[in-house]
Every structure is written in C-alpha cells, then in structure tokens.
Amino acid sequence: GAVVSQHPSWVICKSGTSVKIECRSLDFQATTMFWYRQFPKQSLMLMATSNEGSKATYEQGVEKDKFLINHASLTLSTLTVTSAHPEDSSFYICSAREGEGPYEQYFGPGTRLTVT
Amino acid sequence: GDSVTQMEGPVTLSEEAFLTINCTYTATGYPSLFWYVQYPGEGLQLLLKATKADDKGSNKGFEATYRKETTSFHLEKGSVQVSDSAVYFCALSDLFRGAQKLVFGQGTRLTINP
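Heads up: the protein sequence lines correspond to chains B and L, in order. Take the first sequence: its position 39, counting from 1, is numbered 320 in the working numbering, and each next residue is one higher. Take the second sequence: its position 15, counting from 1, is numbered 52 in the working numbering, and each next residue is one higher.
There's no promise every hint is true.
To be verified - Heads up, simulated DSS-like pairs for lysine-lysine below, C-alpha to C-alpha not over 25 Å straight-line:
1) Lys93/L x Lys105/L
2) Lys114/L x Lys347/B
3) Lys336/B x Lys295/B
4) Lys301/B x Lys345/B
5) Lys105/L x Lys89/L
6) Lys301/B x Lys336/B
7) Lys336/B x Lys114/L
8) Lys89/L x Lys114/L
9) Lys138/L x Lys89/L
10) Lys301/B x Lys347/B
11) Lys105/L x Lys336/B
12) Lys322/B x Lys89/L
13) Lys138/L x Lys345/B
If you're looking for bench data, these hints aren't it; they were derived computationally from the structure.
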C-alpha cells in the first residue's frame, strides 16, 4: 500500500527555536497533504490542509505564522514550528491524499515534539 | 459542529474474547464513517468504512454497521487476537465549507492478553 514517512520521529528543541518536520509520500504523488496535532489521550485535530504549489488552508484557531506549511512538490510537505514554546509540545501527524475522497488519506507515523 | 465520541479506554481483553468499541457521532450533513487502527510505531491505517445508512464495513474479522437512527458505528470482532492490540479511532468525513475533512474520535487503546 501507499507509504507516508515523517522525519524526524522525535525531536527535542529549546524554547524560542524553530523546528522543521518533513512529510513524504514514498510511492505516490500526493496532491493534498494534511497536518494534524494530537495531545495525549485526545483525538487528532486537523491543523491545516496543503495543496501542492499553493498556500495552505489553516483551521480556525491555528496560527499560520507560527505553523508554517510548505508543499513544494507532490511528494514533500514540511511543517515548521517557529519560535517554539513548551505548549507546542505535541504529537504531529501528517497524511497524504492521492486521489479524491478522504478515505484515500495515508498517514505518516507521527513526530513527537518536545520543547524545553 | 461535527463530532465523534468513542468509548473510553484502555480496553483489556483475553485472546478469543468478543470485542465491541462503541462510537457515536453528530453531523450536520450525511457523513461517511470510518475506523482507523494505529499499531505501535506506525501510522494510522484505514480498517473499514461505510458510506451510507445500513452499510456494513468489514475487514480482518472486524465489522461495523452504519446506524443512522442511532448515529452509531460500533466496531465489533468475534474473537480477538494478540496482534489486534492497537489504538482504534472512529472518524467521520463530511463537507466543511466545500472541502472533505476527517473528524476523529479520541481513540481507544486495546490490549489483548494471551
């Protein structure tokens, strides 16, 4: 089946620094990628939707200047957490869609971010 | 807005036991319903889906039926195995401002003991 990878799988950074998370579709072209955030024992919350070559669409309440999303190619999207703070510590998950319909989303394994 | 509520975990069962994980939803439209499974260290995988009322999704011995009258999509398996240990997410997809989006429940951690 379709595979989505994320890198890194775990990152620790200091407060005030920025960190970039990569999401790659390994064996298909992803026209749309999604970024989710998951808090412990809570559900995945959609942060933003990105289409290749265009600006990301952010969900209500998500700061677009803090969570920079770039979808420069059909196989790569990046999420940059700028000026990270401890409250940004979370599990970030991406997914990629090959065709039409949400059930064709393929999920990455997630990246755990810890801000100290 | 749309939402999904799952039974709280964790759930611990013995091998070959019967499994039910409850899921109910609220939606303004007519959503499609899904169960995703996340094995340790892996990404979410689609387990099964149903797109209209009374549809039954099934895969790997798991089943769930789309019940519109009770707004439910409970996951069942007749005889669980140790390899079924994972986190299970119920989800719906609906149109939000012209875009199809997934809304997830909080997940239920299932542990099967041999």
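Do the hints match the structure? See the list:
1. Lys93/L x Lys105/L: holds, 12 Å
2. Lys114/L x Lys347/B: Distance ~43 Å between Lys114/L and Lys347/B Cα, so the pair is violated.
3. Lys336/B x Lys295/B: Not satisfied, since the Cα-Cα distance of roughly 28 Å exceeds 25 Å.
4. Lys301/B x Lys345/B: holds, 14 Å
5. Lys105/L x Lys89/L: holds, 8 Å
6. Lys301/B x Lys336/B: holds, 17 Å
7. Lys336/B x Lys114/L: violated, 43 Å
8. Lys89/L x Lys114/L: holds, 21 Å
9. Lys138/L x Lys89/L: With Cα atoms ~17 Å apart, Lys138/L and Lys89/L stay inside 25 Å; holds.
10. Lys301/B x Lys347/B: Between Lys301/B and Lys347/B the Cα gap is close to 12 Å, so the pair holds against 25 Å.
11. Lys105/L x Lys336/B: violated, 37 Å
12. Lys322/B x Lys89/L: violated, 29 Å
13. Lys138/L x Lys345/B: Status holds; Cα separation ~19 Å.
When the structure is compared with the earlier hints, violations turn up for hints 2, 3, 7, 11 and 12 and for no others.
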